[in-house]
Structures are given as C-alpha cells and as structure tokens.
Amino acid sequence: MAIEVRIPTILRSYTDGAKAVEGKGATLEELIGDLEARHPGLKDRLVEKGALRRFVNVYLNDEDVRFLGGLETPVADGDTVTVLPAVAGGAA
Amino acid sequence: MRFDSLIDSVGRTPLVGLPRLSPSADVRLWAKLEDRNPTGSVKDRPALWMIEQAEKDGLLSPGCTILEPTSGNTGISLAMSARLKGYNLICVMPENTSEERRQLLRMWGAQIISSPAAGGSNEAVRVAKRLAEEHPDWVMLYQYGNPANWRAHYESTGPEILEDLPTVTHFVAGLGTTGTLMGVGRFLRERVPGVRIVAAEPRYGELVYGLRNVDEGFVPELYDPEVLTTRFSVSSGDALRRTRELLATEGIFAGVSTGCALHAALGMARKAVQAGERADIVFIVADGGWKYLSTGAYEGTLDEAEDRLEGQLWA
Numbered sequence: 001m002a003i004e005v006r007i008p009t010i011l012r013s014y015t016d017g018a019k020a021v022e023g024k025g026a027t028l029e030e031l032i033g034d035l036e037a038r039h040p041g042l043k044d045r046l047v048e049k050g051a052l053r054r055f056v057n058v059y060l061n062d063e064d065v066r067f068l069g070g071l072e073t074p075v076a077d078g079d080t081v082t083v084l085p086a087v088a089g090g091a092a
Numbered sequence: 001m002r003f004d005s006l007i008d009s010v011g012r013t014p015l016v017g018l019p020r021l022s023p024s025a026d027v028r029l030w031a032k033l034e035d036r037n038p039t040g041s042v043k044d045r046p047a048l049w050m051i052e053q054a055e056k057d058g059l060l061s062p063g064c065t066i067l068e069p070t071s072g073n074t075g076i077s078l079a080m081s082a083r084l085k086g087y088n089l090i091c092v093m094p095e096n097t098s099e100e101r102r103q104l105l106r107m108w109g110a111q112i113i114s115s116p117a118a119g120g121s122n123e124a125v126r127v128a129k130r131l132a133e134e135h136p137d138w139v140m141l142y143q144y145g146n147p148a149n150w151r152a153h154y155e156s157t158g159p160e161i162l163e164d165l166p167t168v169t170h171f172v173a174g175l176g177t178t179g180t181l182m183g184v185g186r187f188l189r190e191r192v193p194g195v196r197i198v199a200a201e202p203r204y205g206e207l208v209y210g211l212r213n214v215d216e217g218f219v220p221e222l223y224d225p226e227v228l229t230t231r232f233s234v235s236s237g238d239a240l241r242r243t244r245e246l247l248a249t250e251g252i253f254a255g256v257s258t259g260c261a262l263h264a265a266l267g268m269a270r271k272a273v274q275a276g277e278r279a280d281i282v283f284i285v286a287d288g289g290w291k292y293l294s295t296g297a298y299e300g301t302l303d304e305a306e307d308r309l310e311g312q313l314w315a
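Here the protein sequences come in this chain order: A and B. Take the first sequence: its letter number 70 is residue 70 in full-length UniProt numbering, and every next letter is one higher. Take the second sequence: its letter number 259 is residue 259 in full-length UniProt numbering, and every next letter is one higher.
A couple of the hints might just be wrong.
Chain B is faced by these chain A residues, among others (derived, beta-carbon under 7 Å) [claimed, not checked]:
1) Tyr59
2) Asp62
3) Glu63
4) Asp64
5) Phe67
For the record, the hints were derived by calculation from the structure and aren't laboratory data. Ideal Cβ placement from N, Cα and C applies to all residues, glycine included.
Pulled out of the complex, with its shape left as it was, chain B reads as follows (with noise of 0.2 Å):
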C-alpha cells in the first residue's frame, strides 16, 4: 500500500478472527486492529475528520491554536496532524494518565494542562470548556460533540467493517465520546437488519470517580441511546483479565481498553450461544499496550496488576 503522506494512511485497519477466543464456528469474535493507525490508535480516525472538518469551516488555518480535553488519544492523533499542517496544539488531561501519554503528547510538540484527577475526563472538559472562554481565538475541536467525531467511523469504520465481514451480527467498542459506537452503529444499523451495536463501558474504582459524581454524570452531546442495542459495565479485574487472555490465546497486545470491549463481546458471545443463534462480533481493539506498560498492567498476577491500575484511567 501506497500514501502521499502519514495523515493519508489513516484507517484501513485489518480485520483479524479469533479462532481460539471464538465459542464454536457458529459464535465468532473478530478484532478490529485500530492500533495500525498512524500513530497507534482508534482516535486517528476523529481526528483527522474533526480538523479536516474545521479546516472546511475555515476554522482553521496554519498558526491557529487547537484546544482539546483528552486522556491521551486523541490528542496524540491531533499532535500529529497539528504538526503536519502547521497548528500549535494545548491538551488538558487528567493528572493521572500515564507518563508514556504525555512523553508522546510533548514528544509531537503539544502543550499539557492537567486537570484535578479526582474528576476524571469530566473535570477535563470543564477545565477546557473554562479555557475556551478565556481565549477565544484559540479553537476547540471538542471530540464529546463534534459530529466529525462520528462521521469519521459512519464514513470509514463501519463500512471497512461491512466490506470485509457482509456477515456482522454485532458491534462492541467502548463507551467514551460514544463516537465509534455512533458512527459505526448508525451506519450499520442503515445496512444489516437487527446489528446489535454494544457499549462497554470502564468501571472505575471510587478512587477515581468519587461518590459525589452520583449527581455529576456527564453525557456527551454525541451520545444518542437508541443507536444503542445496550451496555456493559466491566470492572478494571476483569477488564485486565481479559487484556491478557486476548495477549495468551490469540497473540494480541492491546490496552485495556481493549479487555473492556472483549469482555462485553463475550458476554454477547455467551448469550447467542445459549440462543442458539449464529453470530459475527466484531470489537474495536482502540490501541496497543505499549502506553500502559507502566501502570503494571501486564506484570505478576492480576490482584496486583488490579491494585497498581486503581487510581487510574484505563480507557
């Protein structure tokens, strides 16, 4: 395969079966490889749609500042498109995501503002939103509710996912901006009757969230539930589990993000074998594991493993 250019090379992602994973020859489960993006993950996709998009707006133009609350990704994806096409770039992140993410972010050349951990992503769009305010020149793409964040997946994921499995029965990806589940779910909902589009979602420890979040709960603008066919909650020990045992049977080394999606694809894989159903489940493998060698999350048993990731963002 042949590009122009790095930015030109996003998406096209292999689609890799997992034969051992897989219940039986009727139930298959097959990983989306989104961690061949240019620079290793999912959020190259939005990214690139979301600047584009601004560019279009005329937004954008060389010398601009792009604001962006982000845990890593998608900020590491905006980092590199921002230095292509010339734009300055500040992230406001949480202060606890791991040190790869910000050696990265510096590394392409963006700017880092932490936010309080206590509050998570949430805190870190408040901060952004106030920052926003305050400088009105610079732009911010805001991934929680721009629409090229799901179009990016409606006009590139869902239908590289189609073309290459006319079969697909079931969709699972992570709950964070909802964009890969709204984009990829409503285009397949368009197509394959019946598509069952699956939400995983990380389960923190009240460590990160806190009790005082029960009346702080904060939705994306993106998120629409009835593209949802519905929603898992994963804990961060079965999440890891997962992680490795995806490592162990099938060769794959993913985030733990990744362990989160595995575990609800499983746990639609379990119910179409009790029905007696055929099922193709596909599920987005978000990154690699290299960013999250040092939360431990790969090392000695996974008690400790699950010990050393409380207290920190995972997805």
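Excised from the complex, chain A in its bound form (with noise of 0.2 Å):
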C-alpha cells in the first residue's frame, strides 16, 4: 500500500495530466520530497521556504494540515492527501 495523492487540474502538467499518484514517507514533507523524485516541479507550486504556499490547501483524509502540523503532519500508507487551490468561504 502507497499514500495516495489527488492533484488539482492546475497542477496536473506536473503529473503527466493523472488525476491521482501515489507516493511514501512518514511525513507530508517526505511524501512531497517522494512526489519530486518522479514529477519534477511539483514541490516549488506547494513548499515555499519550508512551508505550504499560501494559495494552496493539503488535505490529509480530508482534514486540513495546516491544523494538523503542516509539512511535519505524520501520514501513513492508506492515508488519502488532496491537493487543492485555496478558496475561502462558502454558501449561507
């Protein structure tokens, strides 16, 4: 078993157009240094000066990192992480 990662539209040119790859680590940092090994450019459109780039929100199992730990979030194989451009708000 692999971590899987979900990558968003924007950022698909980096992945070869996949919706999905799958990647290892204890950390998220780790699984993106993993990501970076097979799809060159991905982690400067995430990792800015050792942390998550503003505009950019990292899901582990759907719950947001940046309340979890940030870079140093411990995941684990079967883990799900989404990658997704950062939008505020919603709907009342």
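The two chains are supplied separately, each in an independent frame; assemble them into the complex guided by the hints.
Shown next, in the form of structure tokens:
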C-alpha cells in the first residue's frame, strides 16, 4: 500500500495529466519529496521557504494539514492526501 | 410547548443520538435538528438576532427595505421575519441555487436579484455590497460580518447543546458565514475544557469556483481561526454519500450540507476510536432535504446524483 495524492487540474501538468499519484513517506514533507523525484517541479508549487504556499491547501483524509502539523504532519499507508487551490468562504 | 407567535418559537431544537452510526458506546454521535426551526433551517436564529439587533440600534422601522446576499436559507428566514414585522426584503442569490429556494422566497414576499453562478456566494456578496452603496436607504444586515449572527449561536444554540449534553467533546458544523462555529465554539470553549470545534467546508467542483478563484478567496469578517480546532474539506460525493447514509441508517432526511458535517464528524469519531478516547460529537443538521429534491440528490446511484449536483451550490 501507498499514500494516494489527489492533484488539482491546475497542477496536473506536473503529473502527465494524472488526477492522482502515489507516494510514500512518514511525514507530508517526506511524501512531497518522494513525489518530486518522479514529478519534478511539483514541490515548488506546494512549498515555499519550508512551509506550504499560501494559496495551496493540503488535506489529510479531508482534514486541513494546517491544523494538524503542516509539513510535519505524520502520514501513513492507506491515507489519502488531497491538494487544492485555496478558496475560502462558502454559501449561507 | 406554547409560544406567543411563530417568531417566538425559534430555537430549542431536539438533540438526537445516532446509535447506528456511532462507532461504539464510548464514541457517540449526536444530531442537532435545526430543521425543526419555524422556516426549516438553522438560519432562523441569526436572522432573528440580526433583525432585532438592527431594531434596537434604530436602523430598522416598519416599511424599511432589507437587502441580503444569501443562497437561500438566511433569505427564507429573513423573509418570514420581515413579513411578520412589516419590512421589505431583497435577496441577492447565485443563479445556480435550487428552484425550491426561489419559490419559497417569493412565497414569503421577497424580491430576488440573481448574481452570476461562476462566482458562487462570493459574487453574491460583491453584488449586494454594490447595491447597498447605490441605495443608502436599504439596510444590509450582512450575515458574513454581523456580530448578531454569531451571538445568536452563543446565546441560544451553544447553551442548548451544553444543557442537553454536558459531556459534549466535539462540535461540528458547516463553514459558511462561520457564525454557527464562532458562536457555539466560543460558548463551549469558555465552559468545556479541551472541547474540539470542527469546521466542515464544502469542496465544490471546479465548475462552481473556477481556477481564477485561487487569488480571490473570500474570508467572512466573522471568521476567527483561533476558535477552530480543525477544518475538513468535503467533496460533493462524500457529502451526498453521508446524507443518504444518515437517511438509511438513522431515518433523518437532511439537506446535503448535513452530509458534509456528518463526514467530518465521522472523521473525528474515527480518530477518537484510534486514540482510545471517549467522545460525544454533536453536529448540526442545518436543514431538511425538501429544498434539494429537484437537484436529484436522493435518486439513482451516487455517481448519477454527483453528476447532477456538479455546478450547483448545495450548502
């Protein structure tokens, strides 16, 4: 088993159009490093100066990693990581 | 229960256990049935509080016109109160909200101005702000920035939950205006050490938001991230699946935004089970499913329903 990483349309140019790719690592940072080896350029779109970029949201099993531990968030086989462009607000 | 008028019957909604969806006797889920409010949604609370605050502040008097950006429920609640109190109401709503909501608003006497679907609620807010500038005599209550919105939940929803379930450990609600989470969250944090306040945010397809929105994020003025413990992003597919699960296993017929909150509640329940912690998780049933029948959310396979929901606002 591996960790599934879902990629938004805007970043699929780095994954040959794939909607989801697989990777491994014990933390989100390691996972992104692992992805970078096969999808060069992706890391730079997600990480800036050792932190997640401002307009990128990353979710571990749908939970925002900014509330979990950022790039240090532990990840494990069977988890799903979702990358999304940041959009705040909703409907009411 | 007896009330002097319909407006007086807002709140005091049931909190019901979900024995079949709860993972164990130690990790329990509870649904706060806000669809039992007079117009069928949680929005009756902030609508009433905002109107009565505006009356106290001398902004509203009979014959006044209220303007509000809303994708439906707040508008319906305001329309009911406005009718009983003698105000006119104009709602700015995205053109892709369900037909039931439009009919309901017109029924109660509200006027509707449509905003482009592409910008979602954010665009409705922009259009309403522009109209407010053009018509200084209209009163915009502005649920996204009006403190009476979160105070409604601080003074009513929160106390009701704590009274009914003093052992509450988690509170989960949808993240729209953020009023429910800010109000209940602040109330519980002051009284329940270690309580977790969890936001469930709808994740719409790119058809709704469009990629350009990356730089156009709208954060409601009421939002204070310090109140939240964590935040979930829930896809349309998961929200639909949970909405149907709630109906099939516990008999609760709720709107799709409730499935979104339930998905986050179940995520927290799973973590409590893994950590071996006891949990009493309360989530908000914001409204019933009636207004969403025309979206096809409850018919056919999940995939079919998800396709039909693509491009629509469901929360």
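To see whether the hints hold, each was checked on the structure:
Look at A:Tyr59: its Cβ gets to within about 5 Å of chain B, closer than 7 Å, so that hint holds up. At a threshold of 7 Å, the smallest CB-CB gap from A:Asp62 to chain B is about 5 Å, leaving the interface hint in force. Among the interface hints, the one on A:Glu63 holds; its C-beta lies about 5 Å from the nearest C-beta in chain B, closer than the 7 Å criterion. Using the Cβ-Cβ criterion of 7 Å, the hint placing A:Asp64 at the interface with chain B is satisfied: the shortest such distance is roughly 4 Å.
The interface hint given for A:Phe67 is met, as the beta carbon of that residue sits about 4 Å from the closest beta carbon of chain B, less than 7 Å.
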